[in-house]
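Novice: Using the sequences plus the hints, can you model the full thing?
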Amino acid sequence: MMKKGFIVLTLCALLLALAGCGNSSTNASGGEKSVIDAGAGENATELSYWTFVELHGKHFEKMLEKWNKENPDRQIKLNVTVMPYDDMHNKLSIALQTGTGAPDIADIELGKFPDFLKGTPQLEPLNDVIDPYRDTIVQSRIDIYSKDGKNYGIPTHVGASVAFYNTEILEEAGVDYTKIETWDDFKKAGEQVYEKTGKYMGTADTSAAWQESMLLAQQGADFTDESGNPKINSPEMVKALQVLKDLQDSNVIATIAGGQPDTEEAYGEYNSGSYATAFMPLWMMSRYTNYMPDLAGKVAIAPLPVIEKGMPRSVGGGGTGTVVTKTAKDVQLAKDFLAYAKLSEDANIEIWKTLGFDPVNMKVWDMKDVTHDPENEFVKYFKNNPFDVLNEIRDEIKYVKSVPASPTINNVLCTVTLNEIFEDGKDIKQALDDAQAQIEQELQ
Amino acid sequence: MIKRFLYSQKVAPYVFVMPFVLVFLIFWVYPLGSSVSMSFQKISLGQESQWIGLDNYTKLLGDTIFLKAVMNSAVYMICTLLILIPLPMLLAVLINSKLMWGREFFKSSLFFPALTSVVVAGTIFRLMFGEMDGSLINSFLGWFGIDPVKFLKGQVTGFIALLALATWRWLGVNMLYFLSGLKNIPDDYYEAASIDGASAWQKFRMITMPLLKPTSIYVLTISIYAGLAMFIESLMLWNGNNSPKNIGLTIVGYLYRQGIEKSNLGYAAAVGIVLLVLAMTINMIQLAFSGMFKKED
Amino acid sequence: MKKEATLKMNEGSAIRVKKGLPLKIGLFVLFTLLCALILIPFYAIALASFKPGEELIRYGLNLKFDLSVMSFDNYTYLFTGQHAYFTWFFNSLLLTVVQVALTLFISATVAYGFSAYEFKGKNFLFICVLLIMMVPFEILLLPLYTLIFNLHMMNTYSAIVLPGIASAATIFFFRQYLSGIPKEIIAAGRVDGASEYGIYLRLILPIMKPSFAAMAILNGMNSWNNFLWPFMVLSDERKYTLPIGLKTLLTPYGNNYDLLIVGSFFSIIPIFILFVAFQKYFIDGMTAGAVKG
Numbered sequence: 001m002m003k004k005g006f007i008v009l010t011l012c013a014l015l016l017a018l019a020g021c022g023n024s025s026t027n028a029s030g031g032e033k034s035v036i037d038a039g040a041g042e043n044a045t046e047l048s049y050w051t052f053v054e055l056h057g058k059h060f061e062k063m064l065e066k067w068n069k070e071n072p073d074r075q076i077k078l079n080v081t082v083m084p085y086d087d088m089h090n091k092l093s094i095a096l097q098t099g100t101g102a103p104d105i106a107d108i109e110l111g112k113f114p115d116f117l118k119g120t121p122q123l124e125p126l127n128d129v130i131d132p133y134r135d136t137i138v139q140s141r142i143d144i145y146s147k148d149g150k151n152y153g154i155p156t157h158v159g160a161s162v163a164f165y166n167t168e169i170l171e172e173a174g175v176d177y178t179k180i181e182t183w184d185d186f187k188k189a190g191e192q193v194y195e196k197t198g199k200y201m202g203t204a205d206t207s208a209a210w211q212e213s214m215l216l217a218q219q220g221a222d223f224t225d226e227s228g229n230p231k232i233n234s235p236e237m238v239k240a241l242q243v244l245k246d247l248q249d250s251n252v253i254a255t256i257a258g259g260q261p262d263t264e265e266a267y268g269e270y271n272s273g274s275y276a277t278a279f280m281p282l283w284m285m286s287r288y289t290n291y292m293p294d295l296a297g298k299v300a301i302a303p304l305p306v307i308e309k310g311m312p313r314s315v316g317g318g319g320t321g322t323v324v325t326k327t328a329k330d331v332q333l334a335k336d337f338l339a340y341a342k343l344s345e346d347a348n349i350e351i352w353k354t355l356g357f358d359p360v361n362m363k364v365w366d367m368k369d370v371t372h373d374p375e376n377e378f379v380k381y382f383k384n385n386p387f388d389v390l391n392e393i394r395d396e397i398k399y400v401k402s403v404p405a406s407p408t409i410n411n412v413l414c415t416v417t418l419n420e421i422f423e424d425g426k427d428i429k430q431a432l433d434d435a436q437a438q439i440e441q442e443l444q
Numbered sequence: 001m002i003k004r005f006l007y008s009q010k011v012a013p014y015v016f017v018m019p020f021v022l023v024f025l026i027f028w029v030y031p032l033g034s035s036v037s038m039s040f041q042k043i044s045l046g047q048e049s050q051w052i053g054l055d056n057y058t059k060l061l062g063d064t065i066f067l068k069a070v071m072n073s074a075v076y077m078i079c080t081l082l083i084l085i086p087l088p089m090l091l092a093v094l095i096n097s098k099l100m101w102g103r104e105f106f107k108s109s110l111f112f113p114a115l116t117s118v119v120v121a122g123t124i125f126r127l128m129f130g131e132m133d134g135s136l137i138n139s140f141l142g143w144f145g146i147d148p149v150k151f152l153k154g155q156v157t158g159f160i161a162l163l164a165l166a167t168w169r170w171l172g173v174n175m176l177y178f179l180s181g182l183k184n185i186p187d188d189y190y191e192a193a194s195i196d197g198a199s200a201w202q203k204f205r206m207i208t209m210p211l212l213k214p215t216s217i218y219v220l221t222i223s224i225y226a227g228l229a230m231f232i233e234s235l236m237l238w239n240g241n242n243s244p245k246n247i248g249l250t251i252v253g254y255l256y257r258q259g260i261e262k263s264n265l266g267y268a269a270a271v272g273i274v275l276l277v278l279a280m281t282i283n284m285i286q287l288a289f290s291g292m293f294k295k296e297d
Numbered sequence: 001m002k003k004e005a006t007l008k009m010n011e012g013s014a015i016r017v018k019k020g021l022p023l024k025i026g027l028f029v030l031f032t033l034l035c036a037l038i039l040i041p042f043y044a045i046a047l048a049s050f051k052p053g054e055e056l057i058r059y060g061l062n063l064k065f066d067l068s069v070m071s072f073d074n075y076t077y078l079f080t081g082q083h084a085y086f087t088w089f090f091n092s093l094l095l096t097v098v099q100v101a102l103t104l105f106i107s108a109t110v111a112y113g114f115s116a117y118e119f120k121g122k123n124f125l126f127i128c129v130l131l132i133m134m135v136p137f138e139i140l141l142l143p144l145y146t147l148i149f150n151l152h153m154m155n156t157y158s159a160i161v162l163p164g165i166a167s168a169a170t171i172f173f174f175r176q177y178l179s180g181i182p183k184e185i186i187a188a189g190r191v192d193g194a195s196e197y198g199i200y201l202r203l204i205l206p207i208m209k210p211s212f213a214a215m216a217i218l219n220g221m222n223s224w225n226n227f228l229w230p231f232m233v234l235s236d237e238r239k240y241t242l243p244i245g246l247k248t249l250l251t252p253y254g255n256n257y258d259l260l261i262v263g264s265f266f267s268i269i270p271i272f273i274l275f276v277a278f279q280k281y282f283i284d285g286m287t288a289g290a291v292k293g
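Chains as they are written, first to last, in our numbering: chain D, 1 to 444; chain Z, 1 to 297; chain R, 1 to 293.
These are calculated hints, taken from the structure and not from any lab test.
A virtual CB, placed ideally from N, CA and C, is assigned to each residue, including glycine.
What you were told as hints is all true, and nothing was included just to trick you.
Under 7 Å between C-beta atoms, here's a sample of chain D residues computed to sit facing chain Z: (1) Asp86; (2) Asn90; (3) Ala257; (4) Thr415; (5) Val416; (6) Asn419; (7) Glu423.
Think about it this way: if two alpha-carbon atoms lie no more than 20 Å apart in a straight line, the pair counts; the simulated SDA-like pairs of lysine to any residue are: (8) D/Lys66 - D/Gly41; (9) Z/Lys262 - R/Trp229; (10) Z/Lys262 - D/Asp115; (11) D/Lys401 - D/Ser146; (12) Z/Lys68 - D/Glu442; (13) Z/Lys59 - D/Gln441; (14) D/Lys239 - D/Glu181; (15) D/Lys329 - R/Met154.
Specialist: Written out as structure tokens, the structure reads:
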């Protein structure tokens, strides 16, 4: 019976193939796209790196080339995996807890970072490699990735929040953005814009709390109290939302597809000129250059409006802490490379040049030849130079505490509360009280 | 000796069913058992777990988000039953009629969506139901002078998108189920009814419907199961497990959120047990009502 | 001629034609509209595959036939670009073939055991088969996950294949099919001196061939589209299957929408071709479960 023999043979072959697949090492076929050689030789150590932002990989690629040239005996090959935000953090969390399958190096977003610091963090403390650079970098950006004096994450940027104005729309409405200093000014300008152009001045964000953190920082408040307990229904928070709700009611701001400026749908809305302003951390610049080509030469950067003059005009927003995991193949190599790639002066200059971020080494902010390089794509894209604004507000940049409750607070605000307030018109105090109760229940 | 033993007629059947027994024990009984025991513990991967009795369950009862998830799953299940049983049955009867032109073509076309993966289908529907006025559904509505709708931000509209996706994928399959049921109804019944002067509607009521009962029960059973366990559709439609105001959160979504996203494994296990009990109970009641057991035993 | 059913009119043929024609046209129009509705998403994604991905995310999926933004760029990128799409595609293909072959063989074996023999515990075991058809697999996700972890099988294809290798629905279907095969064949085999296993492999398996097609398609579809469990088990991008890979493209930080759209559409094409070629088996396979009624 030929046929039977054939079937059995096929099955055996398949079983073998299966076993092979099951046990094959990570060097299997395919995926060329993600391994960065960067001039590494035969003996290079292969390190794996997970991120949710493809561009971060590009930055590492540049730094790796320099590293491999300077350290011929400690060369590295970087194996980059890009995953969507949620999936990457979930997988990383599981991999770390189970002690298997974690990469050597990973990006963890600020909003998720506290989850990774619970209990005994499965991350390597980075104090020793940060120390040589400690004096040059913004301390608060290290603190947000730390626990009990140990620094677990290396920051990428300051994330100073600013206002991005589409000057074409403002000029059409006869508004001068440089005159906008307070939210009242913003409201008047917005009413004028709506009246003249029918367009909205800004967005009422439902899926991100950037604006709330800006307004809280202006009042010297935070989402949590000194001991890290959530206080979402504080008078300051009510005030913040009242300001925004009033803007929404006056047709100055409106909800946007995607729920906040940093989503693919919103990029489209901005690009086609439906909204004039985005209040976002500075890293939003790279979204403009990447996704909103139509606005080149039209967008100006300015300090945020404040509730009352004299209040701080910026807050650090977002951020990614790059970590080395406990299971890393070569911990010291990973740490040294990471510090080199993100903290050295070269790295900080590169972070501005490639990623368009405001680097944590503030010395770079003063390097005119770097920050005002006329060939830089970000300098070319925007009407004014971002560093002129950054240097104006550099002493006013507050930061929001990152505590164990932060991920829960953020989740409740951005899935439930802000939607209730801006989409359904629910009473602000009521919505915030409900949020507080919900957060407390979830934290139990 | 061993060979003789293994080849004997007494032992052979056990060898044949052995793979099932192994899979059943390793991948069903053991996980199910550990699921039950996990549900009585506070447990995180890689950390000491502790027994906390019924705490997870009592906490579930007061967990508004969990109740929301149960509501969503239940409503979704009921809606799919209301749409995906009568409609496919009617279509099956119509398409089976002698008056139908191009039967095979229509059958295939209606069935084809079932072959796409949920990931692809979900992405397509996510884009179709986008809130921009240029997206497919909103541009249709625009023809009728209706303003763009933010489908995926509202409870009702979000469910419309979910149900549209479910109907699109399963209409054709369920229709085929009913068609195969129709094939088993002998022609003589209809001929006899015609002689007695029965109208088309009477024939449908008195012959087709009752004789399609076994098929209906089958479709009902799998639909209850699929409705209660729905997750990926919602995950893809909202591109994540966090829909605005949790309008798309399902029981399995909550299990995923607690177990995978927050690593509360014990709590998540309790969610799973509740789902199991719910699915079993509903299906048992349903089968008892439809007299399935009496017929089988 | 069993097919005719309820709408059959009175037998007088002259009346029937008169009455039937408007009905015929009505039915035809109804189903044409319905099919158009069902096929719109396919048309939309096909159209979209010729447009830049960003365009779609911005404006949503629509039916605008706008030649000025349409090009073959996405296809060029799909076939020549630097990406892992075809790695995923190949992984999916391999996994599907392996999974189908193993599941069919093992499930058929088990079904034969149930159908050909009387043995102690048979009824109990068969009730177990029916029972696992009623347990939502999703509730096992977490314990199964820890199990796979403890067995050091994370990130392997075995972890995906093994739990489903004795598929309850497939066993059930094969047992139904086997109950139609005369027991004399087995008896005759024994008389000829064949072993119990020889009888199964040489005599029964070949007879079962027709039922394999339907089950191959049912299991193949499930495997090709399987998402949640593989998604949890696999963490290495180079081992991803197509649905997992496609999902990773859905992020605002990746600039991968071109590949997402064209890749999604392209993933439908092979199924479509197979479907057109083996329509009957697809339909039999998908409805196989309902036959028990």
